Amino acid sequence: AQSVAQPEDQVNVAEGNPLTVKCTYSVSGNPYLFWYVQYPNRGLQFLLKYITGDNLVKGSYGFEAEFNKSQTSFHLKKPSALVSDSALYFCAVRLNFGNEKLTFGTGTRLTIIP
Amino acid sequence: NAGVTQTPKFQVLKTGQSMTLQCAQDMNHNSMYWYRQDPGMGLRLIYYSASEGTTDKGEVPNGYNVSRLNKREFSLRLESAAPSQTSVYFCASSEIGYTFGSGTRLTVV
Numbered sequence: 011a012q013s014v015a016q017p018e019d020q021v022n023v024a025e026g027n028p029l030t031v032k033c034t035y036s037v038s039g040n041p042y043l044f045w046y047v048q049y050p051n052r053g054l055q056f057l058l059k060y061i062t063g064d065n066l067v068k069g070s071y072g073f074e075a076e077f078n079k080s081q082t083s084f085h086l087k088k089p090s091a092l093v094s095d096s097a098l099y100f101c102a103v104r105l106n107f108g109n110e111k112l113t114f115g116t117g118t119r120l121t122i123i124p
Numbered sequence: 024n025a026g027v028t029q030t031p032k033f034q035v036l037k038t039g040q041s042m043t044l045q046c047a048q049d050m051n052h053n054s055m056y057w058y059r060q061d062p063g064m065g066l067r068l069i070y071y072s073a074s075e076g077t078t079d080k081g082e083v084p085n086g087y088n089v090s091r092l093n094k095r096e097f098s099l100r101l102e103s104a105a106p107s108q109t110s111v112y113f114c115a116s117s118e119i120g121y122t123f124g125s126g127t128r129l130t131v132v
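Protein chains in written order, with the working numbering: chain A, 11 to 124; chain B, 24 to 132.
Treat the hints with care, as some may be off.
Only some residues are given here: those of chain B computed to face chain A with a beta carbon under 8 Å [as the list claims (entries may be wrong)]:
(1) Ala-25
(2) Leu-66
(3) Pro-106
(4) Phe-113
(5) Gly-120
(6) Tyr-121
(7) Ser-125
(8) Leu-129
Calculated cross-link-like contacts (lysine-lysine; reagent style DSS-like; alpha-carbon spacing at most 27 Å) [claimed, not checked]:
(9) B/Lys-32 - B/Lys-80
(10) B/Lys-94 - B/Lys-37
(11) A/Lys-68 - B/Lys-32
(12) A/Lys-111 - B/Lys-37
(13) B/Lys-80 - A/Lys-68
(14) A/Lys-32 - A/Lys-79
(15) A/Lys-87 - A/Lys-111
(16) A/Lys-59 - B/Lys-37
(17) A/Lys-59 - A/Lys-79
(18) A/Lys-68 - A/Lys-79
(19) A/Lys-32 - A/Lys-111
(20) A/Lys-32 - A/Lys-68
None of these hints come from the bench; they were simulated from the model.
Small disclaimer: the values here were computed from a predicted structure and weren't measured.
Don't be surprised by glycine CBs; every beta carbon is placed ideally from N, CA and C.
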């Protein structure tokens with residue numbers, strides 16, 4: 011079975027400061043990893059994914075994430091937070107073959123304080 | 024360039040009523056999914072369809088049925104709605120990652 015843990019329900023960051031949203035995963039094999047963002051009353055939007063290759067993945071809106079196989083982590087980062095980054099963020103994992111389903115974390119609400 | 028389209032966007036049902044949530048994708052994806060989103064619980068998979076003509080149960084299938092009408096369309100039916108089914112429902116389709124619809128906010132009173 012595969013699982014995702016987002017240990018922080020809520021993260022508060024001052025505008026302009028770096029931000030990190032944590033994600034760890036468990037999967038019986040090599041993973042595909044994803045980050046999605048959800049703005050109020052909207053669907054989930056794709057931010058970035060790790061499939062293979064470089065462990066540092068760059069995505070939309072200046073976000074990036076680092077795949078760390080030894081720590082089974084895929085933390086989302088941004089060097090300088092914007093108020094518009096305030097949203098609900100979901101990490102997700104699946105196996106890297108076949109037609110496997112995504113398993114989502116419970117989400118982290120990021121609030122950027124002006 | 025529509026992606027995944029869900030209808031309706033909002034619905035209020037009385038306990039015991041039935042309804043069908045519609046989902047269509049125009050990306051020629053084989054796989055489609057229905058999730059529900061509840062506060063503090065993330066997204067939970069209700070049903071999925073790996074290809075046209077096949078459907079399988081997910082994590083929380085009780086009280087729901089699905090139909091994969093063709094490659095584009097995947098509908099979710101509540102035969103007898105219960106207050107516990109008050110939630111936001113999302114349809115998604117995928118190749119590797121998912122593309123989500125904008126959601127249906129359902130309230131059962």
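Results for each hint:
For B/Ala-25, the interface hint is violated, the least distance from its beta-carbon to any beta-carbon of chain A being 13 Å, above 8 Å. Taking 8 Å as the C-beta contact cut-off toward chain A, the hint placing B/Leu-66 at the interface holds, the least distance being around 4 Å. For B/Pro-106, the shortest C-beta to C-beta distance to chain A is roughly 21 Å, which exceeds 8 Å, and the interface hint is violated. Annotation: B/Phe-113 was flagged as interfacial toward chain A, and the flag holds, the nearest CB pair being 6 Å apart, inside 8 Å.
A hinted interface residue such as B/Gly-120 counts as satisfied when its beta carbon comes closer than 8 Å to some beta carbon of chain A; here the least separation is about 5 Å, so the hint holds. Hint on B/Tyr-121 holds. Least Cβ distance to chain A is approximately 6 Å, under the 8 Å limit. Given the 8 Å rule on beta carbons, the hint for B/Ser-125 holds: about 4 Å separates it from the nearest Cβ of chain A. Annotation: interface hint on B/Leu-129 violated; nearest CB of chain A at approximately 14 Å, more than 8 Å.
About 24 Å separates the Cα atoms of B/Lys-32 and B/Lys-80, which keeps this hinted pair within 27 Å; it holds. For the suggested pair B/Lys-94 and B/Lys-37, the alpha carbons sit about 32 Å apart, so the restraint of at most 27 Å is broken. Restraint check for A/Lys-68 and B/Lys-32: the C-alpha separation of about 32 Å exceeds 27 Å, so the hint is violated. Restraint check for A/Lys-111 and B/Lys-37: the C-alpha separation of about 32 Å exceeds 27 Å, so the hint is violated.
Pair hint B/Lys-80 plus A/Lys-68 does not hold up; C-alpha atoms about 34 Å apart against a cutoff of 27 Å. Distance check on the hinted pair: A/Lys-32 and A/Lys-79 sit about 14 Å apart at the alpha-carbon level, within 27 Å; holds. Restraint check for A/Lys-87 and A/Lys-111: the C-alpha separation of about 25 Å stays at or below 27 Å, so the hint holds. Distance check on the hinted pair: A/Lys-59 and B/Lys-37 sit about 41 Å apart at the alpha-carbon level, beyond 27 Å; violated.
Simply put, A/Lys-59 and A/Lys-79 have alpha-carbon atoms about 15 Å apart, close enough for the 27 Å limit, and the pair holds. Proposed proximity of A/Lys-68 and A/Lys-79 is supported: the alpha carbons are some 17 Å apart, at most 27 Å. The suggested pairing of A/Lys-32 with A/Lys-111 holds, with an alpha-carbon distance near 21 Å, which does not exceed 27 Å. Between the alpha carbons of A/Lys-32 and A/Lys-68 the distance comes to roughly 16 Å, so the proposed pair stays at or under 27 Å and holds.
Hint compliance for this structure: hints 1, 3, 8, 10, 11, 12, 13, 16 are broken, all remaining hints hold.
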